[in-house]
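Protein chains in written order, with our numbering: chain A, 1429 to 2063; chain B, 170 to 308.
Check before you lean on any hint, since a few could be wrong.
When the alpha-carbon atoms are kept at most 30 Å apart in a straight line, the in silico DSS-like pairs for lysine-lysine are as follows [as the list claims (entries may be wrong)]:
1. LYS1868(A) with LYS258(B)
2. LYS1914(A) with LYS1932(A)
3. LYS258(B) with LYS1869(A)
4. LYS293(B) with LYS1868(A)
5. LYS1868(A) with LYS201(B)
6. LYS1868(A) with LYS226(B)
7. LYS1869(A) with LYS226(B)
8. LYS182(B) with LYS1869(A)
Some but not every residue of chain B turned toward chain A, in silico, with C-beta under 8 Å [said to hold, decoys possible]:
9. SER179
10. GLY245
11. LEU249
12. ARG252
13. VAL256
14. ILE260
15. ASP292
16. THR295
Honestly, the hints are just simulated from the structure, not real lab data. For glycine and all other residues, C-beta sits at the position ideal for the given N, C-alpha and C.
Letter by letter, the chains look like this.
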Amino acid sequence: MLRSHLDTLQGGQYSLIHIETLDKLRSFDLESICHAILLDMRFGRDYSLETIRYVGELQVGVALIALCRDHEQLTRYKEEIHMLDDYILAERLVEGELSTRITHAIRRRLKEQELLHEKMLLQSLLDNIPDAIFFKDRESRFTKVNRAMDEIYGQYHKTIIGKTDFDLFADEHARAAFNDEQEIIRSGESLVGKLEKETFEDGHINWVNTTKVPLRDDQGRIIGTMGISRNITELKRAEDTLAQERTLLKTIIDHALAGIFVKDLHGRYLVINKRHIEYLGAPSDADIVGKSIYDFFGNEEADRISAADAKIMETEHGIENMVDYRHRADGSELWLLTSKVPLRDDSGRCIGLVGISLDVSEQKRNERTLKTTIQMLEETKLQLIEAEKLKTVGRLAAGVAHEVKNPLNVVSLGAEYLENHIEEPEEMLEIIRDMREAVKKANDVIFELLDYSSPHKMRMEPANINDLISRVLGLMRHNFNEAGIKVEEALNGDIEPVCLDAPKMEQVFINLFLNAISVMKKGGTLTVRTDLIRMKSTGSNVSSAMTELFRIGDKIVLVEVLDTGTGLSQSDEQKAFDPFYSTKATGEGTGLGLSVTRSIVEMHHSMITLKNRLDTQGACISLLLPAATNRNEYD
Amino acid sequence: MNMIKFRKSSPDKDAKRVLVVDDEPTFTRMVKLNLEGTGNYIVKTLNESQRAVEVTKEFTPDIILLDVVMPEMDGGDVALNLRNRSVTKDIPIIFVSAMVSMQESRKGFYQSGGEHFLAKPVDKDTLCGAIETVLSTSQ
Chain A
1429 MLRSHLDTLQ GGQYSLIHIE TLDKLRSFDL ESICHAILLD MRFGRDYSLE TIRYVGELQV
1489 GVALIALCRD HEQLTRYKEE IHMLDDYILA ERLVEGELST RITHAIRRRL KEQELLHEKM
1549 LLQSLLDNIP DAIFFKDRES RFTKVNRAMD EIYGQYHKTI IGKTDFDLFA DEHARAAFND
1609 EQEIIRSGES LVGKLEKETF EDGHINWVNT TKVPLRDDQG RIIGTMGISR NITELKRAED
1669 TLAQERTLLK TIIDHALAGI FVKDLHGRYL VINKRHIEYL GAPSDADIVG KSIYDFFGNE
1729 EADRISAADA KIMETEHGIE NMVDYRHRAD GSELWLLTSK VPLRDDSGRC IGLVGISLDV
1789 SEQKRNERTL KTTIQMLEET KLQLIEAEKL KTVGRLAAGV AHEVKNPLNV VSLGAEYLEN
1849 HIEEPEEMLE IIRDMREAVK KANDVIFELL DYSSPHKMRM EPANINDLIS RVLGLMRHNF
1909 NEAGIKVEEA LNGDIEPVCL DAPKMEQVFI NLFLNAISVM KKGGTLTVRT DLIRMKSTGS
1969 NVSSAMTELF RIGDKIVLVE VLDTGTGLSQ SDEQKAFDPF YSTKATGEGT GLGLSVTRSI
2029 VEMHHSMITL KNRLDTQGAC ISLLLPAATN RNEYD
Chain B
170 MNMIKFRKSS PDKDAKRVLV VDDEPTFTRM VKLNLEGTGN YIVKTLNESQ RAVEVTKEFT
230 PDIILLDVVM PEMDGGDVAL NLRNRSVTKD IPIIFVSAMV SMQESRKGFY QSGGEHFLAK
290 PVDKDTLCGA IETVLSTSQ
């Protein structure tokens, strides 16, 4: 009967191979010779069992179908029956059934094979991946974890199945993880790549990157969560170290006493510290990154700096300790000592430059003060030598004066006697009068010399220089009238008092007015002006003498004495104040007047200059005296 | 060349007697010439200051012009010697010196510390003025 069923297969869908023994079956690679095996269980139990086990354990894509006599026979294989893909009760077999049953068995076998394969893949993934993979139920209890997780957390617990994060970790992390999972369960939304800090009960810390997704059943209902955690503790530590180094570097840069900056190839600031921002003249909290030097300086200045930078990046040679000068917004000076080096990337390519600038304004100022001081000392030394010389001259003069006065007096008395007693000839009397006049001039010279070399004792008191000038002009009114000189007074009533020694200062004006008279022999106009001015700046138009005497903001009383004489030659301008320099004819002056005048003026911490008038022919003498209100600052 | 015509003068009968003490003979001679030229003075000159007391006793001047700086005995010592003697102590003295500070010397004749001074250079009018001033106050 079976044979007839088998015959129906033959020649149709299937071909049959008949294998008599198990040994023979074992010699074949089953998958390459057949799709299904029909096992006739009627040969005997032992033989059948062995065959079922052999084929079942092969787990190949060959369906195993048992052919039994009846139900009763089948029940004797209870333990092995799950290894069969199908069974056929021979006595109940109907026509065509065998073919259909074989076809279905093959299909089932293949399906099962696929499932097995997939399960194998999945299991091997779970078993071999070093990341921790876990499944949790709705109460966040672990229902399954992979080997890696078991190994990581299993060392603290016999098993973690059934436990929660609260059992594994400190409360801080467990609570957060629990909340996350409950949120996933509630919303159905995944949590991807969350950085988690796992604090273990023994205190050690792991940093993990965790992704959790909802776990659904085949109906789509959320029954828990599953997730994967990658331990990134090392990475995090490296990152933290990097961040620390960055913070350290930033702290150093921000608090350095120097300006530090980094520019890209286009001159844009990539990094700039507060101090350098200040050097650029911007508020220290300004956002400078991305800006360039052109945002802070005029084109000319910016072009210069930019060209220097370009050269560094082009030649890849840095510059060291270049001194750079800038004006601050408040007008003060800024001297920077700057070094710049090219900035290279990993491959050695120049990608910009790094610079550091030190404020050396203070040193510059000191340097300059030192220079000025040295210069002043040099000048003082010269003045001292000059003064010492004059002192010697003075001592000599006093002695010489005594020796000369006697013989001169003999001559003058003799001449006077002769003049009084000779009646004629008149020529003789003229000669005698000339002699007397000459002796008188010689005497004057001696007095002037004594004046010049005698020690000056000063008594300084605040006084109005206008009053002093008016007094002297009054005293000399006769001299001006005699010389046909008109006097113009332009005295500013608002000037401030000046500290002066009145007799000495009077001598100054007497000398100046006498000089004016001597250069205006044919008459003219003498103008005396006073005014109050302020020391404005120390620019190039202000002489160094003035810068030394006055400070910016000082009030200065200006006195100008203008004549309409012949004016000055170049040598006059240079030497007018030198002792014994005179433009007067020999015998008319000693050349000591202006020199004495200048000495007195200098004793008043003031200065005197002599130059030609610009408006008309003549000379202009300017006196600059500090107002008494400035004096406190000097003393 | 014309002849030089000289004006003669002789001392008045009430001419004052003036002793001039100075180590410089040319100076004393010139002072004598100028003073006697006025007719108002009879002048005796002395160039050796150490003889001042002796000559004063002999000449009995109304007034003495005394140089301050002299080699043998200076004017201060001479004045001290004169004032220590009853015969000469009341004769007024005018000190004459080239060694004075310029402020005072500008004035020519001045007083300082109760004494009278004449600063060189002097001219005839200053000399006479000084003598007259001192004589009028001392009598």
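Evaluation of the provided hints:
| no. | hint | result |
| --- | --- | --- |
| 1 | LYS1868(A) with LYS258(B) | violated (37 Å) |
| 2 | LYS1914(A) with LYS1932(A) | holds (25 Å) |
| 3 | LYS258(B) with LYS1869(A) | violated (40 Å) |
| 4 | LYS293(B) with LYS1868(A) | holds (14 Å) |
| 5 | LYS1868(A) with LYS201(B) | holds (21 Å) |
| 6 | LYS1868(A) with LYS226(B) | violated (37 Å) |
| 7 | LYS1869(A) with LYS226(B) | violated (40 Å) |
| 8 | LYS182(B) with LYS1869(A) | violated (38 Å) |
| 9 | SER179 | violated (13 Å) |
| 10 | GLY245 | violated (16 Å) |
| 11 | LEU249 | violated (23 Å) |
| 12 | ARG252 | violated (26 Å) |
| 13 | VAL256 | violated (30 Å) |
| 14 | ILE260 | violated (23 Å) |
| 15 | ASP292 | holds (6 Å) |
| 16 | THR295 | violated (11 Å) |
Consistency with the previously given hints fails for numbers 1, 3, 6, 7, 8, 9, 10, 11, 12, 13, 14, 16, ordered from lowest to highest.
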